[in-house]
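Enquirer: Going down the list, the sequences are from chains C and F.
Our numbering numbers the first residue of the first sequence as 1 and each following residue consecutively.
Our numbering numbers the first residue of the second sequence as 1 and each following residue consecutively.
Hints in this document: simulated from the structure, not taken from any laboratory.
In this text the structure is predicted, and so the values were computed from the model without any measurement.
Mixed in with the good hints, there may be bad ones.
Listed below are several chain C residues computed to face chain F (Cβ distance under 10 Å; list not exhaustive) [stated by the list, open to error]:
{"id": "1", "residue": "ARG109"}
{"id": "2", "residue": "GLN177"}
{"id": "3", "residue": "GLN208"}
{"id": "4", "residue": "GLU221"}
{"id": "5", "residue": "SER234"}
{"id": "6", "residue": "SER274"}
{"id": "7", "residue": "ASP280"}
{"id": "8", "residue": "ILE283"}
{"id": "9", "residue": "LYS293"}
{"id": "10", "residue": "VAL314"}
{"id": "11", "residue": "VAL316"}
{"id": "12", "residue": "ILE319"}
{"id": "13", "residue": "GLU323"}
Label-pair distances were calculated between CB atoms; the ranges are [to be verified]:
{"id": "14", "chain 1": "C", "residue 1": "MET282", "chain 2": "F", "residue 2": "CYS172", "range": "56 to 66 Å"}
{"id": "15", "chain 1": "C", "residue 1": "LYS190", "chain 2": "F", "residue 2": "PRO292", "range": "50 to 60 Å"}
{"id": "16", "chain 1": "F", "residue 1": "ASP246", "chain 2": "C", "residue 2": "GLU95", "range": "40 to 50 Å"}
{"id": "17", "chain 1": "C", "residue 1": "ASN123", "chain 2": "F", "residue 2": "ARG257", "range": "51 to 61 Å"}
{"id": "18", "chain 1": "F", "residue 1": "ASP203", "chain 2": "C", "residue 2": "ILE283", "range": "53 to 63 Å"}
{"id": "19", "chain 1": "C", "residue 1": "ARG109", "chain 2": "F", "residue 2": "GLU275", "range": "48 to 58 Å"}
{"id": "20", "chain 1": "F", "residue 1": "SER28", "chain 2": "C", "residue 2": "GLN288", "range": "44 to 54 Å"}
{"id": "21", "chain 1": "F", "residue 1": "ASP263", "chain 2": "C", "residue 2": "ASN167", "range": "20 to 30 Å"}
{"id": "22", "chain 1": "C", "residue 1": "GLN322", "chain 2": "F", "residue 2": "MET101", "range": "33 to 43 Å"}
{"id": "23", "chain 1": "C", "residue 1": "SER201", "chain 2": "F", "residue 2": "ASP246", "range": "28 to 38 Å"}
The beta carbon of each residue, even a glycine, is placed where N, CA and C say it ideally should be.
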Amino acid sequence: MSSPAAAQAASVTSNNHEVILSVKDLKKHFPINSGVIIQRQVGAVKAVDGVSFDVMKGETLGLVGESGCGKSTTGRTVLQLYKPTSGSVAFEGQELTTMKPGDLRHMRRKMQMIFQDPFASLNPRMSVGNIVSEPLKIHNIIQNKVELQEYVEALLQRVGLNPYYVNRYPHEFSGGQRQRIGIARALALKPTFIVADEPISALDVSIQAQVVNLLEDLQQEFNLTYLFIAHDLSMVRHICDRVAVMYLGKIVEIGPTDAVYDNPLHPYTQALLSAVPVPDPMIEKMRQRVILKGDVPSPAHPPIGCNFNTRCPVAVPGICFQEPDPPLIEIEPGHWAACHRVTTF
Amino acid sequence: MGVLMEVKNLVTRFHTQEGTVYAVNDVSYVLNEGETLGVVGESGSGKSVHALSIMRLIAMPPGKIEGGEVWFEGKDLLKLKSDEMRLIRGAEIAMIFQDPMTSLNPVLTIGTQITEALKLHMGMNDKDADNRAAELLTMVGIPDAKRRLKNYPHQFSGGMRQRVMIAMALSCNPKLLIADEPTTALDVTIQAQIIELIKRLRDQFGMAIVWISHDLGVVAGLADTVQVMYGGRIVERGPAEEVFKDTRHPYTLGLLRSLPRHDASTNRERLVQIEGSPPDMRQLSPGCPFAPRCTYKIARCEQEMPSLIPGPGSSAEHLKACWVDVRTNQPLPEAEVVHV
Numbered sequence: 001m002s003s004p005a006a007a008q009a010a011s012v013t014s015n016n017h018e019v020i021l022s023v024k025d026l027k028k029h030f031p032i033n034s035g036v037i038i039q040r041q042v043g044a045v046k047a048v049d050g051v052s053f054d055v056m057k058g059e060t061l062g063l064v065g066e067s068g069c070g071k072s073t074t075g076r077t078v079l080q081l082y083k084p085t086s087g088s089v090a091f092e093g094q095e096l097t098t099m100k101p102g103d104l105r106h107m108r109r110k111m112q113m114i115f116q117d118p119f120a121s122l123n124p125r126m127s128v129g130n131i132v133s134e135p136l137k138i139h140n141i142i143q144n145k146v147e148l149q150e151y152v153e154a155l156l157q158r159v160g161l162n163p164y165y166v167n168r169y170p171h172e173f174s175g176g177q178r179q180r181i182g183i184a185r186a187l188a189l190k191p192t193f194i195v196a197d198e199p200i201s202a203l204d205v206s207i208q209a210q211v212v213n214l215l216e217d218l219q220q221e222f223n224l225t226y227l228f229i230a231h232d233l234s235m236v237r238h239i240c241d242r243v244a245v246m247y248l249g250k251i252v253e254i255g256p257t258d259a260v261y262d263n264p265l266h267p268y269t270q271a272l273l274s275a276v277p278v279p280d281p282m283i284e285k286m287r288q289r290v291i292l293k294g295d296v297p298s299p300a301h302p303p304i305g306c307n308f309n310t311r312c313p314v315a316v317p318g319i320c321f322q323e324p325d326p327p328l329i330e331i332e333p334g335h336w337a338a339c340h341r342v343t344t345f
Numbered sequence: 001m002g003v004l005m006e007v008k009n010l011v012t013r014f015h016t017q018e019g020t021v022y023a024v025n026d027v028s029y030v031l032n033e034g035e036t037l038g039v040v041g042e043s044g045s046g047k048s049v050h051a052l053s054i055m056r057l058i059a060m061p062p063g064k065i066e067g068g069e070v071w072f073e074g075k076d077l078l079k080l081k082s083d084e085m086r087l088i089r090g091a092e093i094a095m096i097f098q099d100p101m102t103s104l105n106p107v108l109t110i111g112t113q114i115t116e117a118l119k120l121h122m123g124m125n126d127k128d129a130d131n132r133a134a135e136l137l138t139m140v141g142i143p144d145a146k147r148r149l150k151n152y153p154h155q156f157s158g159g160m161r162q163r164v165m166i167a168m169a170l171s172c173n174p175k176l177l178i179a180d181e182p183t184t185a186l187d188v189t190i191q192a193q194i195i196e197l198i199k200r201l202r203d204q205f206g207m208a209i210v211w212i213s214h215d216l217g218v219v220a221g222l223a224d225t226v227q228v229m230y231g232g233r234i235v236e237r238g239p240a241e242e243v244f245k246d247t248r249h250p251y252t253l254g255l256l257r258s259l260p261r262h263d264a265s266t267n268r269e270r271l272v273q274i275e276g277s278p279p280d281m282r283q284l285s286p287g288c289p290f291a292p293r294c295t296y297k298i299a300r301c302e303q304e305m306p307s308l309i310p311g312p313g314s315s316a317e318h319l320k321a322c323w324v325d326v327r328t329n330q331p332l333p334e335a336e337v338v339h340v
């Protein structure tokens, strides 16, 4: 994964599209400090540990994994909401990690985020109109008050909210409606790239499809590119063109959605997919499950060698338990997996 | 198989400052010994409140069980005195909850918490209770059980805590286990572990399970009978295969259609969405709670609640509460409606 060659090749395979975002060997380590007065760093939580991927213009790249695998941290580090420990993030050809704060702020017009929890991500003291128009005021896009009002109302209408609600406050809305407000805020600056961090996981089942359909309609209409972070593998299959599976801060498999789902190569992906229940009792009875043993190790003390070796059903002594980590290898066109044993089992 | 529990016309309401919340409205069903019942519904559907009402764990006030009966082994649980009920809770009926962090006491060791029920219900002494607790932990797949008994909840991961909860729930060999979204807070690989564990223990002990979930997939793999709740009512109920394959209620149908599947390529087809949002439970409509969102709606739906009866051409156990035959999109013939 960390080898530049792999990252290079990953972008080559998708050269028929324009790359909008290129992430190379991105790392985000959170320090663990100890000491009451004099703080010393005694370790680091390696939340993201050498992640490389490209996102093409107009596509949806899914980032899946279990809690603690670093998928949300990756999304936030890409947007420079966290300062990366090392690595590079190039958006539309411009390097973000070394950009001056003023230039970065200008860049943020084009990169927006939709958050998971629609209850925590809207300021309860601001009216819907103020929430949605705040980005426009900050970036000084529309000065005329009447125009601003009209723009905000049109935006609310577009995400399926009655523009009449413009003076109401977030607590007056249901979870699904709040998520629509969050989407309207993200769209206000007409971005080209949106990081959607678990945008539907806090919503009721009957509301999830509404929000997913809205996101898809908006993608078509505004030619948006999504980095879709989720743990719901069924929804990811539906919405994403390509999918990257993360485990303990690293991408273990990446490829076109159907290839990854129909022919998972990494033993973790196989276990993950087999663990997802299907709403059909007949199929559930017939299914053979790969049940993983134990829990995800702490990212502060990842295992030596392959990160997955503590739970892997096909790990062998020797290579799986020693440095270096398995690199991402292209097994079929555009479909990469990081496993020493991928070709042998 | 004999009848283990019968719920009759259960009504639970919450009298809050913002008005009365009609949480559970006239819920009736029968649970057999050893049966696994999956209760499916969204937040606010009354699925959790109905379970808490059976256990008499509703906070009163503001809550109140306003009517109904819960027959369990010849006793109406709703009429028992609170100390009689205490003998049933934990011993005859056990419950596990969604969030294993908040349902364990953080300042007591796991051992203290498991042995509490053993001493209380089984009259065990300290030593026997400790041994039994270690056995239980081993049974639910926690290694090094003797030493782990001295640990506190924060020393366990989420999945391990849920295993501790299961060990506690099963400590007195209950006849009925009520599981309220026990895997919702867990990751999918851990969820698979817990479901395997529950299946194994169910076969071993033969207890009946009421498994509450919003995840139709989890229920499909586990339940013998599926019961779909909406707006505080049962809208469809029947053997799992029939409910999933020969779905008769528009809400169940809408849910199943709106779910993408990870095991089949959808070619990015648009999801079929259910319009609108769940009902405000402070306003009880005289008609079907799903009517405002329903695509099969007829005039009668908003005036009169349909009764829960077998649909035309379905088995006697497969019930649905709907005025319309969803297969033909025609109102039920009058004869069918009066029939029950």
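Enquirer: Are the hints correct? Go through all of them and say.
Expert: Against the structure, the hints:
1. The beta carbon of C:ARG109 is not positioned within 10 Å of any beta carbon in chain F (closest approach about 28 Å), and the interface hint is therefore violated.
2. Look at C:GLN177: its Cβ gets to within about 7 Å of chain F, closer than 10 Å, so that hint holds up.
3. At a threshold of 10 Å, the smallest CB-CB gap from C:GLN208 to chain F is about 7 Å, leaving the interface hint in force.
4. With 10 Å as the threshold, the beta carbon of C:GLU221 stays out of range of chain F, its nearest partner Cβ sitting at about 14 Å, so the hint is violated.
5. Look at C:SER234: its Cβ gets to within about 4 Å of chain F, closer than 10 Å, so that hint holds up.
6. Interface restraint check: C:SER274 against chain F, minimum CB-CB distance 8 Å, threshold 10 Å, status holds.
7. Of the supplied interface hints, the one on C:ASP280 holds, with its beta-carbon coming within about 6 Å of a beta-carbon of chain F, less than 10 Å.
8. Using the Cβ-Cβ criterion of 10 Å, the hint placing C:ILE283 at the interface with chain F is satisfied: the shortest such distance is roughly 7 Å.
9. Proximity of C:LYS293 to chain F holds as hinted, the smallest CB-CB distance being about 8 Å (cut-off 10 Å).
10. A distance limit of 10 Å between C-beta atoms decides the matter here; for C:VAL314 the minimum to chain F is near 16 Å, and the interface restraint is violated.
11. A hinted interface residue such as C:VAL316 counts as satisfied when its beta carbon comes closer than 10 Å to some beta carbon of chain F; here the least separation is about 21 Å, so the hint is violated.
12. The interface hint given for C:ILE319 is violated, since its Cβ lies 24 Å from the closest Cβ of chain F, which is over the 10 Å cut-off.
13. A distance limit of 10 Å between C-beta atoms decides the matter here; for C:GLU323 the minimum to chain F is near 26 Å, and the interface restraint is violated.
14. For the hinted restraint 56 to 66 Å between C:MET282 and F:CYS172, the CB-CB distance of approximately 35 Å leaves it violated.
15. For C:LYS190 and F:PRO292, the Cβ-Cβ distance of about 35 Å falls outside the hinted range of 50 to 60 Å, so the restraint is violated.
16. Remark: the range hint 40 to 50 Å for F:ASP246 to C:GLU95 is contradicted by a beta-carbon distance near 58 Å.
17. Between C:ASN123 and F:ARG257 the beta carbon distance is about 36 Å. The supplied range of 51 to 61 Å is therefore violated.
18. For F:ASP203 and C:ILE283, the Cβ-Cβ distance of about 21 Å falls outside the hinted range of 53 to 63 Å, so the restraint is violated.
19. Restraint check, C:ARG109 to F:GLU275: a C-beta distance of roughly 33 Å breaks the suggested window 48 to 58 Å.
20. Between F:SER28 and C:GLN288 the Cβ separation comes to about 38 Å, which falls outside the hinted range of 44 to 54 Å.
21. In this structure, F:ASP263 and C:ASN167 break the distance hint of 20 to 30 Å, their C-beta atoms being roughly 46 Å apart.
22. Remark: the range hint 33 to 43 Å for C:GLN322 to F:MET101 is upheld by a beta-carbon distance near 36 Å.
23. In this structure the supplied range 28 to 38 Å holds for C:SER201 paired with F:ASP246, their Cβ-Cβ distance being about 30 Å.
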